[in-house]
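Trainee: So you can see what is in the structure, the chains are spelled out below.
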Amino acid sequence: MFLLTLILVPLVAGVLLATLGNDKLPSQRIALVVSIAVFIASLGLLSNSGLDQSTPLNWIPALNIHFSLAADGLSKLMIVLTTLLVPFIVATGNSQNKNNHVLYGLILMMQTGLLGVFTAADGFLFYVFWELALIPIYFIAAFWSKDQNRIKITLKFFIYTIFGSLFMLVAIIYLGLKADSFSIEAIYATGKALPATTQSWVFWCLFIAFAIKMPIFPFHTWQPNTYVASSTQGTMLLSGIMLKMGIYGTMRWLLPVVPMGVKEWQTLVIVLCVIGIVYTSLIAMVQTDIKRMTAYSSIAHVGLIAAGIFAQTSEGMMGASLQMLAHGINVVALFYIIALIARRTGTRTMADLGGIAQQAPKFATLFMVVMLGTIALPLTNGFVGEFLLLSAVFSFSGVAMAFAGLTIIFGAIYMINAYRAVMYGELNPTSSKFTDLTTAELMVLAPLATLVIVLGVYPSPVIHLVEPALKGLLGV
Amino acid sequence: MNSIILLSLLTVINLFTGFSKNKNLSYLLSFTGIAASAVLLGILWNGNDATNILAPNFVNHMLSFDNTTIVFGVLLCVNASLIVLLLHSHEEPMDVPAAEFLTLVLTMLVGGLCMVSYTNLTMLFLGLEILSISAYILAGAKKRDYRSNEAALKYYLMGAFTTGVFLFGVALIYGATGSFDITEIAKYAALPNPQSIYYVGIILLMIAFAFKIAAAPFHFWTPDVYTGAPTIVTALMSTLIKTAAIVAFYRLFSICFAGAANWNVVLMIMAAMAMFIGNVTAVVQTNVKRMLAYSSIAHSGYLLFALFALGNNSGASLLVYTAGYTFASILAFAGIIVVQHNTNSNHLSAFNGLGKRNPMLAVCITVALLSLAGIPPLAGFFGKFYIFTNALKADYIAITVWAVLMSCVGVYYYLRIVINMFFKPAEADAKEFILPPSYQIVMGICLCLVVLLGVAPGILSGLI
Chain A
3 MFLLTLILVP
13 LVAGVLLATL
23 GNDKLPSQRI
33 ALVVSIAVFI
43 ASLGLLSNSG
53 LDQSTPLNWI
63 PALNIHFSLA
73 ADGLSKLMIV
83 LTTLLVPFIV
93 ATGNSQNKNN
103 HVLYGLILMM
113 QTGLLGVFTA
123 ADGFLFYVFW
133 ELALIPIYFI
143 AAFWSKDQNR
153 IKITLKFFIY
163 TIFGSLFMLV
173 AIIYLGLKAD
183 SFSIEAIYAT
193 GKALPATTQS
203 WVFWCLFIAF
213 AIKMPIFPFH
223 TWQPNTYVAS
233 STQGTMLLSG
243 IMLKMGIYGT
253 MRWLLPVVPM
263 GVKEWQTLVI
273 VLCVIGIVYT
283 SLIAMVQTDI
293 KRMTAYSSIA
303 HVGLIAAGIF
313 AQTSEGMMGA
323 SLQMLAHGIN
333 VVALFYIIAL
343 IARRTGTRTM
353 ADLGGIAQQA
363 PKFATLFMVV
373 MLGTIALPLT
383 NGFVGEFLLL
393 SAVFSFSGVA
403 MAFAGLTIIF
413 GAIYMINAYR
423 AVMYGELNPT
433 SSKFTDLTTA
443 ELMVLAPLAT
453 LVIVLGVYPS
463 PVIHLVEPAL
473 KGLLGV
Chain B
181 MNSIILLSLL
191 TVINLFTGFS
201 KNKNLSYLLS
211 FTGIAASAVL
221 LGILWNGNDA
231 TNILAPNFVN
241 HMLSFDNTTI
251 VFGVLLCVNA
261 SLIVLLLHSH
271 EEPMDVPAAE
281 FLTLVLTMLV
291 GGLCMVSYTN
301 LTMLFLGLEI
311 LSISAYILAG
321 AKKRDYRSNE
331 AALKYYLMGA
341 FTTGVFLFGV
351 ALIYGATGSF
361 DITEIAKYAA
371 LPNPQSIYYV
381 GIILLMIAFA
391 FKIAAAPFHF
401 WTPDVYTGAP
411 TIVTALMSTL
421 IKTAAIVAFY
431 RLFSICFAGA
441 ANWNVVLMIM
451 AAMAMFIGNV
461 TAVVQTNVKR
471 MLAYSSIAHS
481 GYLLFALFAL
491 GNNSGASLLV
501 YTAGYTFASI
511 LAFAGIIVVQ
521 HNTNSNHLSA
531 FNGLGKRNPM
541 LAVCITVALL
551 SLAGIPPLAG
561 FFGKFYIFTN
571 ALKADYIAIT
581 VWAVLMSCVG
591 VYYYLRIVIN
601 MFFKPAEADA
611 KEFILPPSYQ
621 IVMGICLCLV
631 VLLGVAPGIL
641 SGLI
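If you're matching them up, the sequences are chains A and B in order. Going by the working numbering, the first residue of the first sequence is number 3, and it counts up by one from there. Going by the working numbering, the first residue of the second sequence is number 181, and it counts up by one from there.
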């Protein structure tokens, strides 16, 4: 029942806030309190790395569909990542916006969708939560954005993801019918027993949904524009948590379900990932808009995670888990920093900025930490994960690893370059009035930067948490 | 049977209430009548004793009230009562007095009830005609409106022609089987080597039904009639008539022709075409009523899934789909009526800024459209889910993938309305929309049902 409560609390709070709230209500504070409470409650899950389950409710008896939730180590990691990041995302916003109660209501509703995806132990339930997360983010990204092309861009995003997930629905229905139950164990058992050709098309139906969500090259075309056009909170939700739905989906609902299908297409997928890594890194290097650059860098990072997963080794899975956590923290911090810069200077073009470090030393330090985490310097949270992922890709193919390894070099180039352009150099007129962090801003950025270091120095609790779960997924 | 008798009597009485000054009288009468007939249907639940042919559930080998019939009958009653409620504070100028309008709604319901409960093709024909003729008149309810006239005439001419086709089909089947009774026909269908006129008969019946549910390639009347008819009549046509016709269609095929699977390919092609034509054409529409007309064609395509993928769950899947579709459609049409009344337009741009002018209305319309698009966890999604499940169970993989692609197209045009409501600014002089009380009630009920059937679809699918 604990899991069920954890998932339903944000939904109830969100619906109440959105429908009954008004502009006079301190909606942001309410959402913050709720999300922090959920975070603290979710820490209770970490007491063990075993499997926590909620009693399955018989949802649609005719088709053997249950409302059943379960959380093993991997799910718990994702739950805590979600509940950890949501308070920061809530805190990012402006407290005086119009219709704030709807915005924060939607963010809380989305949290339910995300938590549901990470805990669903029934294929059908997984799909429902998968889509449940999409509706709020569409409105968050589109309605609170100031971009001119937001309508077109977010519509493309919506249709693109729906397109993928409908194929996933077909695959899930197919598997559920074969298994005569939608429970994850039954789907695992049935999926494994399917003939190779069937596994092959089931693989594609599932893979398209996950690949679009992550996104993997060449399914990424919706992503840069959406990240750039969305409101900051929308971008944070999308990049920090939502893309993890795709990675988590691959780990939980693709690899163990159709192992033969995965084996057959493994090479192609890893090649696609590596192409994506190199291609998007190169694009990131020539960007002038720092937000767009971060969007492309995110595709490169996710490409590496996906490649590591598809190598199907325990290092790859472990690396992916660590990197999901790290990437979530880093990217949310980065987008927060970008929004902060844009709010103060009115621009995100790197050439127009410069010399901020002299004006804002605290900001410069924290930005530096986050930046180093993003380029995976040793002793930051990005390092362990990226190292394991690369070693997993190496075990698959040395050539692939050589190209995938470029992401570290390229990443260092464009991130350090961006940092230099924005923070150092001559003081630009646009950044001359840049004031250092306020206490409220410090409260957001400092914990995130601390996590970058702490998880980099001492990742072993995370490793212990997910290890048993990953063994189960790999069938070791 | 009692419900049909009650409603038939009411239609006559209702006409006379037109003489009364009190307008509410005929509304009250119709509403309670429909509610009572729903109750009368409900008490027959589980009463279908196949051994006792004299039981009230069997009426002279003409009608039979099994559980499937009763559920769909009650659905039709709920559908009609919601429309009657909407009519009560309807402000669209009509040239037909309220009492007559309501009478026609009641006759439609009588026709619909016959269509879901027939066991004899003559009864089916009677039901179809009672339903259709009322619909022809209602389509032309705005006598002085050019488009409404066009709609009525088009609908009537095409409908009359289809009736001919239908009768011809019945005649051929009678020629082959020697009976109008569907159980007798089913016995003939099970025999080896039926005559060719029997197949021709089935094809003709299929054409007639495809016309009634507006499935491609017999959909050409739909856009004009849906657009021209008064919006509330459009709501009736796309819900009540469609439900009654598809259930009649399903009843005929599941009982009579379940033995031979020759028509499956034909039905599949019709479904594929309907989904394609409906969804793709809807994308380029700028008139919302016309867009929903095409979307209605697309939904017919999904409904046809229940026919070619016949199985144990087909009835349940049809029920979940039609119920979800009915409530979402009524919700959407009620919203359109309000917008139309306030802006005098059905153009997409009439919806601009609705999110600001009346947020609750905009949310209602959004939920309705998302349900029609099949987004979980709303009723429309479960309809699609059941239908796809049945199709995959019968190994119809290609057409399911096709349907999935087409619903993706559907998401696009439904979202366009949502975008207009929330992201486009309203005109400068826009005033706030006011929802008449009965609209608030109906939209509240529909909203709850769309969400409830989405969260707990088992309550419906478990019934049959």
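Please note that a few of the clues may not be correct.
[To be verified] Covered by chain A, according to a simulated footprint, are these stretches of chain B (three or more residues, beta-carbon under 8 Å):
{"no.": "1", "region": "551–561"}
{"no.": "2", "region": "597–603"}
{"no.": "3", "region": "631–644"}
None of these hints come from the bench; they were simulated from the model. Glycine included, each C-beta is placed from N, C-alpha and C at the ideal position.
Trainee: Has the region 597–603 of chain B got at least three residues whose CB is nearer than 8 Å to a CB belonging to chain A?
Mentor: holds (count 3)
Trainee: Are there three or more residues in the region 631–644 of chain B whose C-beta lies closer than 8 Å to some C-beta of chain A?
Mentor: holds (count 5)
Trainee: Within the assertion that chain A covers the region 551–561 of chain B, do at least three residues meet a Cβ-to-Cβ distance smaller than 8 Å?
Mentor: holds (count 4)
Checked against the numbered hints above, the structure breaks none of them.
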